[in-house]
Amino acid sequence: MYKRLDWESLKFILRFRCLLPEQQALVLWMIRNIDALDRLISVKTISPEELSGIADSAHRKNDHLLALLAEYARFKKLREAAPNRKDV
Numbered sequence: 001m002y003k004r005l006d007w008e009s010l011k012f013i014l015r016f017r018c019l020l021p022e023q024q025a026l027v028l029w030m031i032r033n034i035d036a037l038d039r040l041i042s043v044k045t046i047s048p049e050e051l052s053g054i055a056d057s058a059h060r061k062n063d064h065l066l067a068l069l070a071e072y073a074r075f076k077k078l079r080e081a082a083p084n085r086k087d088v
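Numbering (my numbering), first residue to last: 1 to 88.
Among the clues, some could well be false.
As a list, the in silico DSS-like pairs of lysine-lysine whose alpha-carbon atoms are at most 27 Å apart [stated by the list, open to error]:
(1) Lys77 / Lys61
(2) Lys76 / Lys61
(3) Lys76 / Lys11
(4) Lys11 / Lys61
(5) Lys77 / Lys11
Hints listed in this document are in silico derivations from the structure and should not be mistaken for laboratory results. Note that this is a predicted model, so its numbers are computed, not measured.
Could you build all of it, start to finish, from the sequences and the hints given here?
See the structure below:
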């Protein structure tokens, strides 16, 4: 586990726990198969701000699975860009 959990990480964890077991299983599959997630939402071409917008819009539409996946993609992108990855 990482030394520090930031606000975005905590939001991801809390929202993950609110999903139905079937949705959790799908998210876990996608995390384990991160290359598929990268291809599905083009994380390399979308900025973290755009991913936040996608997540916010999805929450307003009650599409919590899409919101969670967008938040995870944002977290992953920010983590990869962090200068000291051990502290993320």
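Verification of the supplied hints:
no.	hint	verdict
1	Lys77 / Lys61	holds, 24 Å
2	Lys76 / Lys61	holds, 23 Å
3	Lys76 / Lys11	holds, 14 Å
4	Lys11 / Lys61	holds, 18 Å
5	Lys77 / Lys11	holds, 16 Å
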